[in-house]
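Between the sequences and the hints, there should be enough to build the whole structure, so can you do that?
Okay, here's what each chain looks like letter by letter:
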Amino acid sequence: MRLDPNPRAKDIVREEARLENWEPYRAPLEPGKHPHIPANGLKVLGKRVPLVDSPNKVTGQAIYTDDIKLPNMTVAKLVRSTKAHARIVAIDTTEAERLPGVVGIVTALDLRPEQRFGVLPLTKDEHPLAVDKVRHIGDPVAILCAEDEATAIEAARLVRVTYEELPEHLDPLKGLKPVEEKIHPEIGTDQTNVQKYVDQVFGHPEDAFADAHLRIRHTFRFKGVTHAMTEPHAVIAHQHPNGRLTVWSATQVPYYVHRSLAEVTGLPMHKITVMRPKVGGGFGGKSDPFNHEMATALLAMKVKRPVKLLFDREESFITGRGRHPTETDMEIALDEAGNLTGLDINAVIDGGAFASFGIISTYYNGVLSMGPYKVPNFTYKGRRVYTNHIPSGAMRGHGAVNSRCAIEVLLDEAAEGLGMDPIDLRLRNLMAPYSFTVNNFRITSNGLKECLEQVRKRSGWDQKFRKLPLGRGVGIGCGFYISGSNLPIHWDIEPRRYPQSTVHIKIDMDAGVTVHTGAAEIGQGSDTVAAMCVAEVLGIGTDRIRMYSGNSDTAPVDLGSYSSRVTFMMGNAARKAAEDVRRQLVQATARKTGHPEEHFVLENERVVSMANPEVGLSFDEAVREAIAGGGALVAKGTFVSTPMGGQFKGATAGLAPAYSMSAYVAEVDVDLDTGLWRAKKVWAAHDCGKAINPLSVEGQIEGSIHMGLGQVMSESLEYHRANMRTMNFLDYKIPTPLEMPEVEVIIVESNDAEGPFGAKEAGEGPLLPILPAVVNALYDAVGVRLYDMPMTPDKVYAAMQRNGGAKKPGSVAPQVSVRRVN
Amino acid sequence: MKKVLMTLRVNGVEHTVAAPENAILLDVIRETLNLTGTKRGCDMGTCGCCTVNVDGEARLACLTLASTVQGREITTIEGLTPRDGTMHPIQKAFCEAGGSQCGFCTPGFIMTTNALLAGTPDPTRDEIKEAISGNLCRCTGYIKILDAIEAATKEMRVERVPPEHRHVEVER
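Residue numbers (our numbering), protein chains in the order written: chain S, 4 to 825; chain H, 6 to 177.
Since the hints were made in silico from the structure, they are not lab data.
Listed next, the stretches of chain S that the computed footprint assigns to chain H, with coverage defined by at least 3 CB atoms under 8 angstroms from CB atoms of chain H:
#: 1; segment: 45–57
#: 2; segment: 61–73
#: 3; segment: 695–705
Every beta carbon over 10 angstroms from chain H, so not counted as near; a handful from chain S, in silico:
#: 4; residue: Glu23
#: 5; residue: Lys185
#: 6; residue: Glu339
#: 7; residue: His507
#: 8; residue: Met613
#: 9; residue: Leu620
#: 10; residue: Ala801
#: 11; residue: Gly813
FRET-style restraints, in silico, Cβ to Cβ:
#: 12; chain 1: S; residue 1: Gly813; chain 2: H; residue 2: Ala123; range: 48 to 56 angstroms
#: 13; chain 1: H; residue 1: Glu135; chain 2: S; residue 2: Ile66; range: 27 to 35 angstroms
#: 14; chain 1: H; residue 1: Glu164; chain 2: S; residue 2: Glu608; range: 30 to 38 angstroms
#: 15; chain 1: H; residue 1: Glu160; chain 2: S; residue 2: Gly544; range: 22 to 30 angstroms
#: 16; chain 1: H; residue 1: Glu19; chain 2: S; residue 2: Gly633; range: 52 to 60 angstroms
#: 17; chain 1: S; residue 1: Met76; chain 2: H; residue 2: Asp60; range: 32 to 40 angstroms
#: 18; chain 1: S; residue 1: Ala435; chain 2: H; residue 2: Pro126; range: 49 to 57 angstroms
#: 19; chain 1: S; residue 1: Asn806; chain 2: H; residue 2: Glu155; range: 37 to 45 angstroms
#: 20; chain 1: S; residue 1: Asp95; chain 2: H; residue 2: Glu155; range: 53 to 61 angstroms
#: 21; chain 1: H; residue 1: Gly124; chain 2: S; residue 2: Gly544; range: 34 to 42 angstroms
Using N, Cα and C, we set each Cβ at its ideal position, and we do this for glycine too.
Here it is in structure tokens:
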């Protein structure tokens, strides 16, 4: 499936590759040395610290959105479309309104077309309720509330919607050509359903492929998967008598919810408060401002009573924003020595009914394959196509996961064709630390070499690869992921002028440390990271710290918990705020003791002189000295990314202040009679720069392996015509404890110069390597390669049958040959 | 909707509530009794987040009719927390081992564990896996949950030994 060139010729990017990019522009930092480490060394960071909010969670006292009850609260339900693509002709609410106990109803007909929103500024293609037409089965068309849930459910049944059906668009490949009745006539300038074209060429890929010693090409297909977080979506809205609107939502992005609420309600942002209670998992499934949040707010403004909307499990599935169903035609070119000389990616991703993060998803499906290997010649064609499926969006590893799987599988085939060990092939092609990719991504710290060496050694790779009995195999896969996006998505408001994360600290007479941040704690441990960074700088225990991260009135803006930005950006902001506090405390102590400021360090709840340990103040005393005369001590820290990157269109997509690297070896066991396979053990090496909390980093790696394994083993969103039929945990199979392998985690610390204390992300990157590691392990076990995910037992069995039975590779002639084009 | 009176004994306290005959235990616990520690994840018995103990056995509250558990001892996560300000060993273990990330599945896992250890005080890791296989977690990959349950098992094993003998490690 080679894609046609972009009909909009001006959107094609052609850049010369700068091959001197490969040379390091600076030396890596020495291990243990980092500008952020205080003079007296690290005391808190690097320790395994239980999450600061665990006691509430294990005692059932943590408050999630549905746990909140407000006086006089009503219960809301959505009325959802039963058609995949249809114009709304009429909505009759008379019977529903007459039902005793119904409090208020808002329908799509009450909205104006200008009340639109969307997470990305360029594609605000959503309304609080479907205006004019519905675009997927389940698209909300009305919201109502009642005194109790049973009444609300009954009332929703009584709302009569009349539709005029339109052609259903269910095949993204068909949407590449002009269609009748575009799903979003307001988006895009052609008559197709394509929402986004990305066309990039770096260097001379045509020459690279023409001159290649070896070319490997396959088409990979990935079904859509979803976040399946255990907490269903929930929102409460209340407009107070003074006109202020408060919205509680289980969200990863309170700031974006805040902006969107202002856009659709017409209230200025300063009259809106967004509260984020405890969130029961997100993974990108709660990182859009949502139509249901907007609709609940509008209903609350109409009825003037608190309104709570809780989704049932089906509704959480329908809300979507999961990994795009993807078809990727990918080809690599290599020279005789095994150097990668070219990469050609053609990706079509099924965007579903709305844009969501789609522009970024389309870029990431291509550009995030530009690391961690040197790729001198590259071409990428990406198309995101609207369909009448549920909307796709950002899901852990956003856009990079499927392409990463594809390239790692192709590399394995290439290694076989060249007679090289797959780990050796990767080691040969690694980018150096502190170098540039051809599309101008700035690589800083890079521990991939150590990751590969560690997993090779610990897994016993050399004794196992191609040597285990038939039915057992090992495979390697690598990962490469951003630590946040360099450019904020609201690039239209002069992004360089506004920090991406701000942290405030306040300390008063009680000498307790209050930390305010907008960073969303969703279970990943961001509150703990903030507390640990502050505790480290201030020489105190985390028990003195109070985290306030859930109230937009007091929390300074942080862009949200997505794209793995929080540790890097909020961690740095928290560190800087704490350093400001430290400066104030040291000043006060120097003043009081008469000793020079440079002598003092903060440790063990004291401000103490390194020259003379008798000299100093306790933390409490130093605080009171600092407060004297001026009142409560306040401090601020901010983070904004260093400007970087190319000047071409789309240059900032994929650009990050640092990248994580990972390498996994997976060992699988295949039942030859049924095709059922299990991952038995995974050796997982992840370079996160510096593990601020190794307990958390391990937890993220283990959880990522669970999610990636699910995608390649048993998870898929299935449709019967336009109806999604996998809407519960029986039909959509996430791994249970019985399917999880043993995991040996190896944390590699490459000590990033700009990361807080050297830290980079560990939230999404750890998901990428598990898919290719098991796909490649399956080949090592039984000699079949699957390119259609998930690799369910029936597919494995059928592939073995087609191959004449399970065979250990190496016992047959290699499947690839020189200059073969598939 | 016609309501009937039901008497439910939850965490050692008797509550008389007015509820529909077909009221679901999860709804009564969360909405009527205001015990929100038990979570609603799917309302159809597929995720385990609503696990409570009824007479010491793990039960899914979302699939239990409240009327059928009158006269039984119902324990929720709130009932497991000791009154003296300490934490139950299972709770402590989940904190320390990192068995809880977002925490939404945690009460369900802890109540399943409580029921398991009451019946099987010395489970193997495989027996633990079987027992918790009806509880879904999307954050942890279960590994630190298993670690936590093993740690809790060990600590509770020690607690069963009279204090004068505790210096002797009880090994299986």
